[in-house]
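These two chains come separately, so use the hints to put the complex back together.
Chain order of the listed sequences is A and W.
Here UniProt numbering is used: the first residue of the first sequence is 1, the next is one more, and so on.
Here UniProt numbering is used: the first residue of the second sequence is 1, the next is one more, and so on.
The hints are simulated quantities; they were obtained by calculation from the structure and are not laboratory data.
Mixed in with the good hints, there may be bad ones.
Pairs of lysine-lysine residues, derived as BS3-like cross-links and limited to a Cα-Cα distance of at most 27 angstroms, are as follows [as the list claims (entries may be wrong)]:
1. W:K110 with A:K48
2. A:K59 with W:K62
3. W:K45 with A:K482
4. A:K422 with W:K45
5. W:K62 with A:K481
6. W:K45 with A:K481
7. W:K62 with A:K422
Partial list, derived from the structure: chain W residues whose beta carbon lies under 7 angstroms from chain A [stated by the list, open to error]:
8. S54
9. Y57
10. Y74
11. Y75
12. I77
13. P113
14. R114
From a predicted model like this one, the values you see are computed outputs, not experimental measurements.
Heads up, the beta-carbon is just placed ideally off N, CA and C, and yes, glycines get one too.
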Amino acid sequence: MSADYAHLCSSILEQCFGKVVQSVADCLFSATTRTLSQIVNSTHFSRKEVMLALAVLIKFRLVNFEPSKNNPFLPEYSLRREDVICLLRYSRYIHLVQTKYGNVGASIAEELLNAGSETATGLLLKCLSDGENKAESAETYRDTFIKMIADHYIIKIPELMTDNESEDAVPRFQTNECDFFVPPNIDLHLLAQIRKGEATLSKALDGAIVWSLNYDRFHQEFRDDIMRLAMERKLGENAAECFSFILNLIYNTTDPWQRKASNQITFVEIKQAIERKSNNLELMKFLDQYICLITDDSLGFLRKVGDMGGGQYLVDMEKAFESLALACVESVITERFGSKAARIFRVIRFKKYIEQEDLQKEAMIPAKEAKSLAYNLFQEQFIHVKVIKKPGGGGSGPAKAFYLFQIKEKDTVRMLLDNCFKSLYNTIRRSNYEKSEHKGLIEKSQRLDSIVETMKERGESDEYIAEIVETFTPPECEILKKVKHRIKTLSKAEMTLDDTIFLLQMYQHHCTTLPTGIQKFK
Amino acid sequence: MAGRGRGGKTGSLTAEQMQALGCVGKDMPQVQSAPPPTFPPLLNKPISLETTASQNYQLLWKEDFLNRMRDSPYYIISASQEKLNTSVKDWREKALERMKHKALPEFNYKAMPRELNTSSRKRRAAEPRPKLLAKKTNIEDRLKQLEQKELKSSGENENDEIKQESDSEHDDEPEDPEAALDDEMDEENDYANDYFDNGEAYNEEDDNMDDGPVY
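In isolation and in its complexed conformation, chain W is listed as follows (with noise of 0.2 angstroms):
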């Protein structure tokens, strides 16, 4: 059903309805075959505006406020758009430009999404990271350490080095968290001491394995 629904009102006439609606001959339009023009004459000329003084109050504030806007840190230009505007102006407008320096925009962040916020990442990323700065400081300090007792106990023992080097170790740095969890990974919770295999269970017996494998 061509011409019926939202979409399919023309605005023409067949050639049969036109007939029937009176439109013989002459009578009838052309049919339009292209896009109007972009600017068709003005068949008849439009009244003037009459301007009051409340009309005038609106005009001037309307223009004031459109400018204030245009000033306003609330009038964003793209980084792009700035960088073209810039590379454009002579070196007067850029010195105006700097003397109307725009103020800071004003947010309730509050009562906004979180995500919205980036005063709060900027400050999340201004935070110094305590946890490795501690184990930067911890590695010279131990370093040194190292040095010390090498110089030290070079007449000694290679094993009783190493044990008082595992003492040492766990007295300097008791509250460093990540150190100790990477003692931790090294010895008692290491997977490969758990599960370790020596191969000797090799050719045990194993019920399970007897009946072959199973699909």
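Chain A extracted, bound-state conformation (with noise of 0.2 angstroms):
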């Protein structure tokens, strides 16, 4: 965990639960573990203040208790810190549940982010009383609900243990891993009458079931999309199709976060699911060709390592995260440096290590230029350097050393990560920075819209509402105007920072045995 990423889960925090947590968060994020009291002391706020951040943080499933070693009866607290950036996705979780479920799935996924965790008569409740799906009925709330457990974007909170000591200063939990997707009892009967306010939400007997949102199920459909893109680019449509269709079937075997590479899958196999799920008749016809041109690109999705059942394959993941980082890493280098720099970046990847000399031959550069690119992407660490020094020599004059251009995959991807972190802190910074700098004249026009809506509403006459509207002057429209392209272009930003983000995590997990948090239940 780097500074940068400090800055960044101390900035996103601010963002979303204020000062109070942030600091809480800040202390806890340089330390393992960390008790009330060292917080208190180390934040400066009121220990009311502390506990009520402490709780926050906790509901929001961004920190972890357990008792302390030496007294079990002091709890401890630790940030998970690699699920900070995740409140960043909220947005791309809701799109995903959205085209996945509709509006109903969407609200289900909404409340549930809104309330971290929550019962499921409770979570129902909620979604039912909302004012914008008023129409669905109960049922299909609950059969949505349902869906998507089985599909496992919701998951069971660890069950709490209530036995004779339920008066522990530490609550403990019960993990049982068969049990994280075993779909609620939800009584309808009993909703229908505590909508009514006949019945109270403690009778429900589901009050010690407590779901949420699984965020690497989450991951998983994005990192599938990225290769599912990555192939419909480079292959076309019914290449991706066959993919996603080989994707599905490796999950039946293997657990989806595993690091190198996916177990074996037979060619029959492939196809008996495509001709009982696809209307692709193209696809089905020239299968084995697909195949064979999946197997054969370099990118190297797809391996072939035997011939039993007209040919075993395994998804390679290290190689296809490999080949897209770089890909990445390669187009970062195009915008900062050009093209030409891209090249250089190119022929050392190939050639491995390079001198200097052959480099710009190699590249077909002008030395001088070749000289001056090489020096930038190292200075930029994006290429490094290799000393082998000639033994011997004598001991006149200094010994002979060859310097020879490289590529640390490692090193490079983990610096783009640290960039991308600090210029996601920079534009959070500079949103915030113009929100409070333009504070008064959003509120005014949001003040204003507010008005001319009940008005509208309330039918008053269009020149009295056009009246209204001048209040807000040319100039200050012309401003806001301006604000709100800022605020957009940074969120876009942001987004679009975090899609790069996403990918290089993904190259951190498959490439690297580096610990990511990244696990199939949590």
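Okay, here's the thing in structure tokens:
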């Protein structure tokens, strides 16, 4: 975890939960675990405020706690650092759910995100009381909710252990992996009674079972989307469809977050799956050729490992994300230093080790320009130098040494990831600055909008409304337009940066052994 | 070994290394002796971002979400900050804030460490202290009783009065544990009674003391 990531987390939390939570999270970020008293001492907020901040962080599943090793009655808190950035991805989660399950699914996911975690009955009550989807029945909500659980988008939070020692200072939870996606028993009759006010929520049978969004299932979908889109751009829609069938097949036998490569599947299995589920006749007709095309492609998504069952294949996640991440690095170099620098980068990558003189010849770039570009790339740590010293020399004069350019992929990706964190932090800061600088103007326009809306509802005359609208002067309109445009551009930049961050994080998960915090169940 | 390890990467080469890489004379880049400027000039103009329908949906949702969070009870503002804000705000802003009152936060305190539960502390603090109250009433009652007894037994013997008083004390407050505890402390369990030394044994023979002090 870098300092840039710490700053980013801090600003994200400030944006969502305010300054107190930000300070508490900063304090937790800098240490493995902290006790309440330690946090109070280092944050200089009142004990009550810190307690509230910790409760909020626990509710939104950003802080874990466990009893201290020395004193089982004393809880120690730790920040789930890798989950903080998920707050920026909430809009992506909602969009995904909306495309898959429609407005009902989006409403369920939204309520879960707003609440952090919730019981099934409580969640459905909130959704049903929401004004937007009042037309939908409780049954529709229940069915969508259960379908989302079955598809692993919603996960059960470990259950609280209720034994004789229920008055424990630090509550304990029992985790059962088989139990995470077992659908709850939702009593629609009771739900209707609660809505009418004839019963209370405490009567619900599922009061102890709490549900939350399973972020890693969403991340799995995003990862598959990256691969599918890359395939579509390079080999066309049919190849992309074929590859998505292959991905769905491997998840039957493989943990989706297995780091290097998937388990094997046969050609026959792929063919059967496509014949069963697809209507694409062209794909069915030329399936063997499409699979050959995907296997032979330089992206290296699919690898043939045997001939059994018409051919055995596996999805090579390591190679896939290496190709994708390096393509991203190349694109960054092209945008920052130009296409010639990207060519130099590619030459070094293919040659592995290369001297300066050979580099300019291979890249077919004039010597002076090649030197300047190589130096710039070296200075920005996109390429590295390996020094090989020739032994001997008899002690007279300096030992002869060879300086070879090389690419340390893992270091380059880490550097780029840190740059992305820094840029994202800067973007958020700038956006906040714009908002606070023009706060008065933005609020005035919001007030005016609401007034005009109520006037229209009341049926006031257009002339009168126009008069009210004119209180917002043309120069003010101009400034507001510019500010809004700037904020929108910054928000778009945030989203694009997050896409890059996600891709590079996937590289770190599949191509390195670094701990990434990604796992099937959390 | 300077220049090695995680912290040693400075991103620049020595003059010798640069020469070996083919940079001589004018080709040599200038040595950086100061941190780079905060806002360096942009060499290449960045490509403009495309906006798709899905991005628009996400942007709107995100803005809405952040606004919702800011108005939610989970957006915590410290007391000092709040004071600062209220002193700056004019009457209109204050009135608007009063209108959009925040909902109460919902926490499942059962699933959190007990020390975070602020509501239970309040309840405990609000609970009356039965023992202390009982004692208070007893003192008042007892003072009244004593007054009455004083009036009644003004002519009686002093010793009898003390006896009666102690008896009545035992009869009246048999259930008050603290008072009982005081009585015990006063009479039977008095340390001074048990270990009272009248000084008679001062010159008695003691074999252990004959040998003088032991070091």
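Does the CB of Y75 (chain W) sit less than 7 angstroms away from some CB of chain A?
-> Given a least distance of 5 angstroms, the restraint on Y75 (chain W) holds.
Within a Cα-Cα threshold of 27 angstroms, do K422 (chain A) and K45 (chain W) meet the stated pairing?
-> holds (19 angstroms)
Double-check P113 (chain W) for me: the hint is only fine if its C-beta lies closer than 7 angstroms to a C-beta in chain A.
-> holds (4 angstroms)
Take a quick look at whether K62 (chain W) and K481 (chain A) sit within 27 angstroms of each other, Cα to Cα.
-> holds (19 angstroms)
Are K110 (chain W) and K48 (chain A) close enough, with their CA atoms no more than 27 angstroms apart?
-> With a Cα-Cα distance of about 18 angstroms, the restraint between K110 (chain W) and K48 (chain A) holds, given a limit of 27 angstroms.
Are the Cα atoms of K62 (chain W) and K422 (chain A) separated by 27 angstroms or less?
-> At roughly 21 angstroms apart (the allowed maximum being 27 angstroms), K422 (chain A) and K62 (chain W) satisfy the hint.
With chain A as the partner, please determine if Y57 (chain W) meets the hint condition of a C-beta pair closer than 7 angstroms.
-> This hint holds: Y57 (chain W) lies near chain A, its Cβ roughly 6 angstroms from the closest one there, short of 7 angstroms.
Take the C-alpha atoms of K59 (chain A) and K62 (chain W), compute the straight-line distance between them, and say whether it is at most 27 angstroms.
-> Answer holds: K59 (chain A) to K62 (chain W) is near 20 angstroms, not above 27 angstroms.
When the least beta-carbon distance from Y74 (chain W) to chain A is tested against 7 angstroms, hint result = Nearest chain A Cβ about 5 angstroms off; hint holds.
Regarding the hint that R114 (chain W) lies at the interface with chain A, is the smallest CB-CB distance below 7 angstroms?
-> Given a least distance of 5 angstroms, the restraint on R114 (chain W) holds.
Measure nothing beyond the straight line between the CA atoms of K45 (chain W) and K482 (chain A); if it is 27 angstroms or shorter, mark the hint as holding.
-> holds (20 angstroms)
Holds or violated: is there a CB of chain A closer than 7 angstroms to the CB of I77 (chain W)?
-> holds (6 angstroms)
Comparing the model with each numbered hint stated earlier shows that all of them hold.
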